[in-house]
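Peer 1: Each chain is listed here by its residues.
2 protein chains.
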Amino acid sequence: MIIFIPPATSTPVNIMETKPDNMIRITTQRQIILEELAKVKTHPTASELYDMVRKRLPRIGLGTVYRNLELMAENGMILKLEVGGTQKRFDATTDTHYHIRCSGCGRVDDIDTPVMDDLVKEAAASSSYLVQGHHVEFTGVCPSCQEKNKDVTYQ
Amino acid sequence: MIIFIPPATSTPVNIMETKPDNMIRITTQRQIILEELAKVKTHPTASELYDMVRKRLPRIGLGTVYRNLELMAENGMILKLEVGGTQKRFDATTDTHYHIRCSGCGRVDDIDTPVMDDLVKEAAASSSYLVQGHHVEFTGVCPSCQEKNKDVTYQ
DNA sequence: CGGTATAAAAATAATCATTCCCAACATCTT
DNA sequence: AAGATGTTGGGAATGATTATTTTTATACCG
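Chains as they are written, first to last, in this note's numbering: chain W, 1 to 155; chain F, 1 to 155.
It should be emphasised that the hints constitute simulated quantities derived from the structure, not laboratory data.
Check before you lean on any hint, since a few could be wrong.
Chain copies aren't distinguished; within one or between two, either way the pair holds.
[To be verified] Derived pair list, reagent style DSS-like, types lysine-lysine, alpha-carbon separation capped at 27 Å:
{"no.": "1", "residue 1": "K41", "residue 2": "K148"}
{"no.": "2", "residue 1": "K148", "residue 2": "K80"}
{"no.": "3", "residue 1": "K121", "residue 2": "K148"}
{"no.": "4", "residue 1": "K150", "residue 2": "K39"}
{"no.": "5", "residue 1": "K121", "residue 2": "K150"}
{"no.": "6", "residue 1": "K121", "residue 2": "K41"}
Let's have the full structure, built from the sequences with the hints guiding it.
Peer 2: The structure is reproduced here in structure tokens:
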């Protein structure tokens, strides 16, 4: 069950956002994309999401999925994961948490290591960048890839 | 000045490496790609490196750059950074260290926050993955993008 | 040294993810 | 209802990367 933030009280906009904060309209497509994303605990790519959404909206275009994921990420409704691998992944949970990516199949899962908010302060002290955020990404072998490669010895 | 590991004593191979450890030949192209990568403290993309290398080897192909970066990364001679953004980046320094990526221009720099080796142990305890490694990626605004956007207020 | 096998390079085509563009349609504003 | 604006679908365009094919360079063996 998804609760939609009504346009009038829309969520805060990104840092570096130039245009005055625009509210985004909740179209059928947007609603269903968001619902499908929220349904899963994995972090689907745009085309995985496209396949999921198409079961309910067979005529939706892939471009629409991309466009709206981007838009919802900009508005802080979802999280765009810029992790390793070739494709971007999306996450309906927007509060800070870390991820682990399978080096075998590319799948991404949440990992519940405590978030280290101090890291940003530390980094700010030792860099000329204006530090905005951080992300920790673990790499490993997921259960199903371990199963597939029983013969291989990891160390 | 770059020291090349002679084929006979080549560097250790990756975990999950299937084929017996093959030595790689040091060709002119490889040598120059590696030299150019080691020259800079930034973390160039394949095509940035292509441009750098072309000044010394005008007839080199982009494919050669990609192929050799991949190969050298597999052999542990360099590091392939699978960070956010659209392109992969490469790093001549192979020991663990963290990075910061500019949200304006995509540039990636090293950041000298202490490496937290315990993180992997922690993650292993709270996950069904076989945890292999980790990476911390900060995001921020680099000095030159700060300069370009004096009018914007960051918070 | 010459001939053959093998590895790597160059050139080019193919693929994949993503973005862009545009005509048709929907929704807001007055 | 009319005009302005926003959104969609579909397809073309782009950009990064990978694969394929041909050519060139290096290694191996007598």
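Peer 1: Each hint needs a verdict: does it hold in this structure or not?
Peer 2: For each hint, the structure was consulted:
1. K41 to K148: within (22 Å within a copy, 39 Å between copies)
2. K148 to K80: Intra 29 Å, inter 25 Å, cutoff 27 Å: inter-copy only.
3. K121 to K148: Between. Shortest inter-copy distance 24 Å satisfies the 27 Å Cα cut-off; intra-copy 42 Å does not.
4. K150 to K39: neither (31 Å within a copy, 42 Å between copies)
5. K121 to K150: between (43 Å within a copy, 22 Å between copies)
6. K121 to K41: between (30 Å within a copy, 23 Å between copies)
The structure shown violates just one earlier hint, number 4.
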